[in-house]
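> The chain contents come next:
Protein chains: 2
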Amino acid sequence: MGVIIRLSSLSLTTIFTTTTAASTSASFRTPSPLFTRLPLRRLSAAKLSTAVATEEIEERREKKAGVIAPRSQDFNGWYLDVIANAELADYGPVRGTMVIRPYGYAIWEAIQDYLNVKFKETGHSNMYFPQLIPYSFIEKEASHVEGFSPELAVVTIGGGKELEEKLVVRPTSETIVNHMFTQWIQSYRDLPLMINQWVNVTRWEMRTKPFVRTLEFLWQEGHTAHASPEEAEKEALQMIDIYTKFAYEQAAIPVIVGRKSKVETFAGAAKTYTIEAMMGDRKALQAGTSHNLGQNFSRAFGTQFADENGQREHVWQTSWAISTRFVGGIIMTHGDDAGLMLPPKLAPIQVIIIPIWKKTDEKTGVLAAALSVKESLHTAGIRVKIDDSDQKTPGWKFNFWEMKGIPLRIEIGPRDVSSESVVISRRDVPGKQGKVFGVSMESSTLVAYIKDKLDEIQLALLSTAVSFRDSNIVDVTSYDELKEAISQGKWARGPWSASDEDELKVKEETGATIRCFPFEQPNEKGNCLMSGNPADEVAIFAKSY
Amino acid sequence: MGVIIRLSSLSLTTIFTTTTAASTSASFRTPSPLFTRLPLRRLSAAKLSTAVATEEIEERREKKAGVIAPRSQDFNGWYLDVIANAELADYGPVRGTMVIRPYGYAIWEAIQDYLNVKFKETGHSNMYFPQLIPYSFIEKEASHVEGFSPELAVVTIGGGKELEEKLVVRPTSETIVNHMFTQWIQSYRDLPLMINQWVNVTRWEMRTKPFVRTLEFLWQEGHTAHASPEEAEKEALQMIDIYTKFAYEQAAIPVIVGRKSKVETFAGAAKTYTIEAMMGDRKALQAGTSHNLGQNFSRAFGTQFADENGQREHVWQTSWAISTRFVGGIIMTHGDDAGLMLPPKLAPIQVIIIPIWKKTDEKTGVLAAALSVKESLHTAGIRVKIDDSDQKTPGWKFNFWEMKGIPLRIEIGPRDVSSESVVISRRDVPGKQGKVFGVSMESSTLVAYIKDKLDEIQLALLSTAVSFRDSNIVDVTSYDELKEAISQGKWARGPWSASDEDELKVKEETGATIRCFPFEQPNEKGNCLMSGNPADEVAIFAKSY
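From first to last, the protein sequence lines are chains A and C. Each residue of the first sequence is one higher than the one before, counting from 1 in our numbering. Each residue of the second sequence is one higher than the one before, counting from 546 in our numbering.
FYI, nobody ran anything at the bench for these hints, they're computed from the structure. The beta carbon of each residue, even a glycine, is placed where N, CA and C say it ideally should be. Some hints here could point you the wrong way.
[As the list claims (entries may be wrong)] In silico DSBU-like pairs for lysine-lysine, Cα to Cα no more than 30 Å straight-line:
1) A/345 to A/397
2) A/120 to C/908
3) C/908 to A/451
4) A/120 to C/930
5) C/930 to A/385
[Claimed, not checked] Cβ-to-Cβ under 7 Å is the rule here; a few derived chain C residues that face chain A:
6) 638
7) 644
8) 645
9) 667
10) 668
11) 670
12) 677
13) 695
14) 699
15) 701
16) 702
17) 724
18) 725
19) 905
20) 1077
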């Protein structure tokens, strides 16, 4: 348990390079190309290992088709089963890579659509930097080399020839961004320079897990340059605030926003801000970060501007990122034994309509009603789909679309057609309690009802997650209490003003790290749980992904 | 002149791997990292070469700042100057790579926004495949190896270690797509499988040029699998039709749509469809392709499905792509000596407002009026910007925004404020002819006027391009006439039923290739211009990018 890969996390990489404490029983590994012809999609990926023989895989597949491990007993197995069964992602042929399938990608598109608007509203422009970076660039910023050289993918051959200088496949873009900023920025009139890019990045991670940590992942990385440290600080805070609002309002994930400890801050940055989410197994997921980079990269790359008096100064910078890891956070926050549960605002399909008929003469009327309901909802901007296949029973369809996490289900049978009403079931409230009969089919009534319900579900998911989070954060006043809380799998919150060494000791002894000093602080902080000295702040400790 | 890099173009690569006939005087080369600290952005990139000494570059930069080479005299120099001055793109630190700057990227985003909707309307889902592909995959399809091995970027080191199997950085994704399709497709119920991805691809091109041919570029690649050859053919045609409509209606580029000759078709495909655009220098630009792949990749990767009778068959496939090359096509179709000229539908800014004042007491009224006009237009969904900086004169601003290709300019001075009217100038009609005085500021009147004008400009750009195209296509009936037309820099259209050898001979002797057999054919084809035998079709020959 608690294999520590690296002590200090760096730059944007902090999203992906924290400890892998509490290692899971299975890892995200693809079978070797020899086995790749097997139809793996319905296999419980949880138990999949390169060591398993072909026959055994086939056998397991047959047995496990459609089965999802119980969430409470095997969280990791459950997670991988949900990803496989809901067809969110699949294993790429290269170890640790992931194919994001249409349903998973649609969640990422919903994340993009929201954030992209917010970034533009706050004055950022999208652009594109090349992904191949000269190796020498990486070496210019001391902590950057230290942080990234162990996990680089390196291109050494191009066009059939050995390259004179090795090229790094972008693990993050601070270096190439600063290389270009140095050329574009002359005077204060060129500032602030605020850009963003939606791209793929590659990091040679050894322990991978779909969405959470993959060899290649998708993200946005924002990069800004400013004429003063105050402006950079304001920008870094603005962006973590956008991430926080996104998490609460769109993803229904009640993240805790705060500042990283010095140990966990990118070595060169003035400050790193983070949003930390509690997953269903109570491990923390760092879901987004925003860095005030100070002048670190501008000094390394000579990025200067002439101020109003003609004095040359290095620019102050920020960078900030959210990645496809966030999709993993959504799965692990809201899912249950039945599978995925998606917050309505990000759900690719918000309403699934299941027409039900027994006799052929019932079919026409039921399908016509279903289609008319679909049209009403679609016109009102609701994302809706009909499952009218006659290959599967209604019961199978109920389970299937529950597993896919669709917030609302509408059932329409022959009796509903006669009474011009429908039956509506909530994904987040199981069984009869979540079922309402006799909702009018009349377009405006139904649309209003569905919109209300979707809002209600959005809030209910957040509320459930808040309760879960709050019941699993323990206020501690001593190291013993902290250890006790962590050993119970909870988060510990307590006053902290001890040394970096003490922080590392906690990590070694408990597997937990300081996730952040939350922005929201109690009035009375008390004395440091470790040193006993007065503390200015409480910190949150937890095991994390 | 006319260095032939490869005879047969392959797959999606045909967009980027046709001949580099009629090589230009300068190539798209970045200075070595030693020089990269220079502020190159205003430098005429046309003459930039690694051989130029630092001092000379600096000197040229000073002289050439803001100057654009005359289009008619130095088309390539003009093209590179426009890209540099309009800040569409810049050189990346690695030879042949390109940084797409916000203004250039915004054009690409407009292309994406349009096509993405069309792809989804026609039933395609976006997803993401890893960019690292095992080298062995590339070798599975014979023509694929032949086509791509010379231009691969290869990752040999990962996580500090030499890799057991070399990994290719995606040059195109047919191989990895088929590897996954083989796992996902079991029966006819899984078909058609229709997906798309918006990604970066890497090809080690030796002769590069911003947007037109770069080491790394952005594109969408669609991949579909079908249960019958008819369906695949229908899909390939549907997608080339979407590209054609996009080119005409959005980009105002009157492409000629047709089928590639056997020599120019992807070796494994049944058919390759293409849209060919005539650039301002009359060279052809292959602007998009759609391939009916037949069963070539499905046989190489064993992608089979069980049909309704349980018989296993290989799927029929298509792939189709449009890339950032298209941005180059827009520049080279519509630009003029003053710089860029953007079709309103794709212009990131459709209207630029220039407030004009001399005395300080005029400023307030003029700016208030400008802001109010901006609000009216913005609310009506028109992309509008005010240039209210007091660093530059109105004259400078006129030139600057003309150079940036903004379709319409609104001038507002003190007299306009009094008369509650504005002056409007068209980018596409130079001087007084394109200028209208006294257009009412009243919101609904102005909005209607601007919308009309934008539509008019959109059509005018297309109409100009159609005239230019048609006046530069010569109908030929003999090889001598063909040679004469090509030597004049024109396109030659004539009946063709000769051999592949004859086609290659034309290429060697004239630098021109068959761009396509256009869908639109004359009633009477006549005899083959080369062999004299009866011809079923006319072909179009041209030099190309």
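> If a hint holds in the structure, say so; if it does not, say that too.
The hints, checked one at a time:
1. Taking the CA atoms of residue 345 of chain A and residue 397 of chain A, the gap is about 23 Å. The hint holds against a cut of 30 Å.
2. For a cut-off of 30 Å, the pair hint linking residue 120 of chain A to residue 908 of chain C stands: about 29 Å separates their Cα positions.
3. Of the pairs offered as hints, the one joining residue 908 of chain C and residue 451 of chain A is violated, with about 48 Å between alpha carbons and a cut-off of 30 Å exceeded.
4. Between residue 120 of chain A and residue 930 of chain C, the direct Cα distance comes to roughly 14 Å. Compliance with the 30 Å bound is thereby established for this hinted pair.
5. This hinted pair does not check out: residue 930 of chain C and residue 385 of chain A have alpha carbons roughly 40 Å apart, beyond 30 Å.
6. Residue-level restraint check for residue 638 of chain C holds (minimum Cβ-Cβ distance to chain A is 6 Å; threshold 7 Å).
7. At its closest, the beta carbon of residue 644 of chain C sits 6 Å from a beta carbon of chain A; the interface hint therefore holds under the 7 Å criterion.
8. At about 4 Å, the closest approach between the beta carbon of residue 645 of chain C and any beta carbon in chain A falls short of 7 Å, and the interface hint on this residue holds.
9. Interface hint status for residue 667 of chain C: violated, as the beta-carbon distance to the closest one in chain A is roughly 14 Å, over 7 Å.
10. For the restraint placing residue 668 of chain C at the interface with chain A, the shortest Cβ-Cβ distance is roughly 11 Å, beyond the 7 Å limit, so the hint is violated.
11. Given the 7 Å rule on beta carbons, the hint for residue 670 of chain C holds: about 4 Å separates it from the nearest Cβ of chain A.
12. Because the beta carbon of residue 677 of chain C sits about 5 Å from the nearest beta carbon in chain A, less than 7 Å, this interface hint is met.
13. Hint on residue 695 of chain C holds. Least Cβ distance to chain A is approximately 6 Å, under the 7 Å limit.
14. This hint holds: residue 699 of chain C has a C-beta 4 Å from the nearest C-beta of chain A, less than the 7 Å allowed.
15. Interface restraint check for residue 701 of chain C: the shortest CB-CB distance to chain A comes to about 5 Å, inside 7 Å, so the restraint holds.
16. Hint on residue 702 of chain C holds. Least Cβ distance to chain A is approximately 4 Å, under the 7 Å limit.
17. Against a cut-off of 7 Å between C-beta atoms, the interface hint on residue 724 of chain C holds, since the closest Cβ of chain A lies about 6 Å away.
18. Taking 7 Å as the C-beta cut-off, the interface hint given for residue 725 of chain C holds, the closest approach to chain A being about 6 Å.
19. Using the Cβ-Cβ criterion of 7 Å, the hint placing residue 905 of chain C at the interface with chain A is not satisfied: the shortest such distance is roughly 21 Å.
20. Interface hint status for residue 1077 of chain C: violated, as the beta-carbon distance to the closest one in chain A is roughly 42 Å, over 7 Å.
In summary, the structure is inconsistent with hints 3, 5, 9, 10, 19, 20 from the numbered list given earlier, while agreeing with the others.
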